[in-house]
Every structure is written in C-alpha cells, then in structure tokens.
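Chemist: Listed below, chain by chain, are the residues.
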Amino acid sequence: MQKYSIFNLVKNAFSNHKNWDLAWKDPTPKEEYDVVIIGGGGHGLATAYYLAKEHNITKVAIIEKGWIGGGNVGRNTTIIRSNYMHDENGLFSEFGMDLWRKMSQDLNYNVMFSPRGIINLAHSDAQMNAYARRGNSMRLNGIDAVLLNREEVKKIIPMADFSDNVRFPIFGGLMQPSAGTARHDAVAWGYARQADSMGVDIIQNCEVIGFDVSAGKINGIRTSRGNIKAKKVGLCVAGSTNILAEKLNMTLPIETHLLQACVSEPIKPVLDNVVTFGAGHFYVSQSDKGEMVMGGDLDGYNSYAQRGNLPTLQHVLTEGIAMMPFLSKLKMLRTWGGIMDMSMDGSPIIDKTHIEGLYLNCGWCYGGFKATPASGWTFAHTIAQDRVHELNAGYSLNRFSTGHLIDEKGLGTKTWIS
Amino acid sequence: MLYINCPHCGMRSQNEFSYGGDASVKRPELNKEVSNQEWDNFVYNRKSLRGKHLELWQHISGCRQWIKVERDTATHEIFRTFKADEEVA
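Top line first, the protein sequences correspond to chains A and B. What the first sequence shows, in the numbering used here, is residues 1 to 418, in sequence order. What the second sequence shows, in the numbering used here, is residues 419 to 507, in sequence order.
If you are wondering where the hints come from, they were derived from the structure by calculation, not from laboratory data.
Rough simulated footprint, nothing fancy, chain A against chain B, three-plus residues with beta-carbon under 8 angstroms: (1) 432-442; (2) 451-458; (3) 461-474; (4) 491-503.
Quick list of in silico lysine-lysine cross-link-like pairs, BS3-like style, CA-CA up to 25 angstroms: (5) A:K289 with A:K155; (6) A:K247 with B:K465; (7) A:K414 with B:K501; (8) A:K232 with A:K53; (9) A:K247 with B:K470; (10) A:K414 with B:K465; (11) A:K414 with B:K444; (12) B:K465 with A:K217; (13) A:K352 with B:K465; (14) B:K444 with A:K247; (15) B:K465 with A:K409; (16) A:K414 with B:K470; (17) A:K65 with B:K470; (18) A:K65 with B:K465.
Negatives, chain B to chain A, calculated, CB over 10 angstroms: (19) N423; (20) P425; (21) H426; (22) C427; (23) G428; (24) M429; (25) P446; (26) E447; (27) H477; (28) G480; (29) Q483; (30) E488; (31) A507.
Beta carbons are placed, not taken as given, at the ideal position from N, Cα and C, and that holds for glycine.
One chain only, chain A, in its complex shape (with noise of 0.2 angstroms):
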C-alpha cells in the first residue's frame, strides 16, 4: 500500500496526482472467508481492520449492499464523547477516546480528530445536581469532566441566551474537555483502506438475500453476487438489523428509527465546541467548512425511508434558536436522514447469539458514531475468541430477560415528549 506523506504527495504533484493508488480494491467475491462481516459501515470496516491487526485474521470479507460511506457512516454529526454515567458505557467510550486519539496515526489516514470538547447545558439547580453526579461517575472511570457555573459556561459560549427572560434559562453545565469531533468520511475511508492492504476483501454493491445455517450453526450467506462460505459471520447492519434478523428467525429488542441531521451555510467560526440543550434534545457544533451541523430527536415512528419529515425539523431546530437566538439567521443548506437501529434501553448490543458462528452487532441509537473505534475493536475480539471481551460485557443481547438494562438517560426507541 501506498503510505500517505508529505514526500509522497510532493512525488505525485510531479505526475498531477494521476498515479495514486485506489484506497481499496473491488475484487469479486470468493467462495469462502474465515470471517464475512455484513455491513460496510464504520463499525463494519473497524471490526475487519481489527480482526486482521489485533488477530491476524485476514481471510476476511465485508459484504456491503450499497457503497462504503454510504451509510450512516457519513450520515452522522460526527461527535466524539464518552461523558456517560453508568460504568458499562464510561468505560467502552473512553477505550474508544483512546483509539480515537490515535487513529490518524495508527490508519495513516488524516480523520481530523478535533478534541474540542463537548457542554451539556444544564437549565435548573436539579439538572446541575445530575450533572454534578454524572461527572463524578465520569472522574470515577478516569473520564475528565468539569462542571461549570453560569459565568464559566458564558464565558465559553457568549452566543447562547443568557438574557433574563428565557423560558429556559442557562445554570451551568457539564463539559467533557477531551471529546470533540472527526471527519466521519476520513474514518470510514481510512479504516477501509486499512483493512484492505491487510487482505480484507471489501464486496461493495453486494445484498444478503439469506443465510445458510444447520444444526444451529452458520455455514455462509447467500447474496446477490452468488453464495459465500464462511466459518464466522458478524452482522453490523445498524438499521438493517431488524430485516436480516427476519431471515434468521430471530426477533431482537431493537426497532429501526429515522434521525436527522442538518446543516446551515457556513459562516465565520463562532463555535468552538459541541454544544447540547438540556431542555429537550438539540445539539450544534461547527465544521471546519463553517457550517452549523445540528441534530437532535428522532421523527418518532418506525421508519426505514433514510429522509426526514419536516414537523420533527421544525421541533429540533426551534429548541437550537431558543439556545443560541443568532441561528435563526443563518439559512439551511442540507438536512437529511439515516435509519437507526435503536434499542429498547438506548444501549447496544455487541454479543454471541444463539447460532453458532453468528454474531451481532447493533443497537447503536443515537452514538454509533463516536462508537466507531470501539465497538469495531471489541466486536473483532468477541468474533475472533468467540467470546465477549470484559468492556462489552454488558452489552449483551440477554440483559432484556435478565433485566440488567443499561438505561444511561432512559431513552429508548421513543423520543422525549410525544
């Protein structure tokens, strides 16, 4: 593979940059892999890469109905964080923040990591009370936090309503110093190009039709490019769990959701971090282009339309204009929708399941992205041991039964207020 550096980009500038090498292969699929991982998305690409780095398992493929980046992957608001309460999710984030601070480095790929830091707006004295022992629970995993008062919070974030008569005035907030944002491409594309000069086999344009299992136990997958043989097989299909897990008979505690996504014109940089609501659900930062990239809940239905409805729009971006007032400026230059595989407590699901050689991965909801890193790591270990690593212990497919549920806000599959 061809390493991306400063001398070789000045060498290509000498042939006009004519002569790069493709980032990945297209091969055609061959009749069997150690290990096919369904789906081409960054958790997809993240579990190859780590497969052929951390187990020297090479014989890999990943099966991808449309094209890499496609997905959610490049559909998401590109946040990066691990300021969650409970220790199941704190410490599997902050193994992700890890390998996120390394990634550039480690895929020899610019993903533009940005720690910026990330402030959840607290509007009451008990919404700070939480907060306050939210970011204990953070420290306690070795996670930074700060809280800040209503002067630190102004002081970072001038811009927000901070006038006397709002409805929901600003106390403080929650800040996690080290989170930030990516460049969400670059980290599909980088892990992509990875795994494919260790040997992985990226099949794009390529549909699961249907699974071959006997005797409990995984034999290949049949799709739209011919029958594939295969030892392991990992489903890491976000939105598309529920349709793949129909032709395994399987029924899983998972609905597929649609959440938008948006972006303003760009505009000179007013801000410096990731900012969220405490109120309702909104949250902003700026790209590097400029632009306001906003998001917030979910359109509330079941849906697998990947576009939006405008009443949700309108209810999320109402909540960002009584936040930061100046966004009712700037006009709207794209929105847009991925389908979320969302569970029922809000967590995912990174697990064994009962066919032998099958393995599940979903129930991203509203994090998968930052989860990246992450769950493709502890995925790999869980595929190539064929048992789960202690980090996604708790994300197991039986907590529902057994009721150890890791409801961190209490959100499920149903939006806030509806």
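Based on the hints, put chain B in the right spot on chain A.
Modeler: Quick look at chain B alone, frame taken from chain A:
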C-alpha cells in the same frame, strides 16, 4: 408531513398524534404461567417490519383516542386506519 385519517375525527396532520409502536404486540394471558420469553417478546422484542406495519397512534391533540394505523415504513404511505378495538382483517 403525514396525514392520518382518525376514525373518530377525520383527516388530521401528524402534529396532532403521538406514536405508540407496533399494534400487533399482544400482552400475555395472565391466567396461565407466563414464561420469561413471553414477557420478553411483549415488552422488548419487535419485528420492526420494512413495508406494511400495523401500529398504534394516539390522537393526543384531538379526541385523545388510541387508533390503529396501517402504514408503510419505507414510503410512509398510510393505507387504512382503525379504531383501537376494531379487528384488523
């Protein structure tokens, strides 16, 4: 914007409704032993169909009645609506 034909009030915008999820889920009969798996299926497990999906909505800013709606989850087309106690053929 979805338009839902409330069987009690007529055609209204989605803003008046609140979503209640899969309408095909049945609470287990309580006059018999109920297994953990049955509770699991009732409380958590969902088919989340792509295509025709029978679901509950509540006309929360209207008559406040729960209704059933047959809707396509990929195109959002609404085919039929029913009163909550109406049997769907």
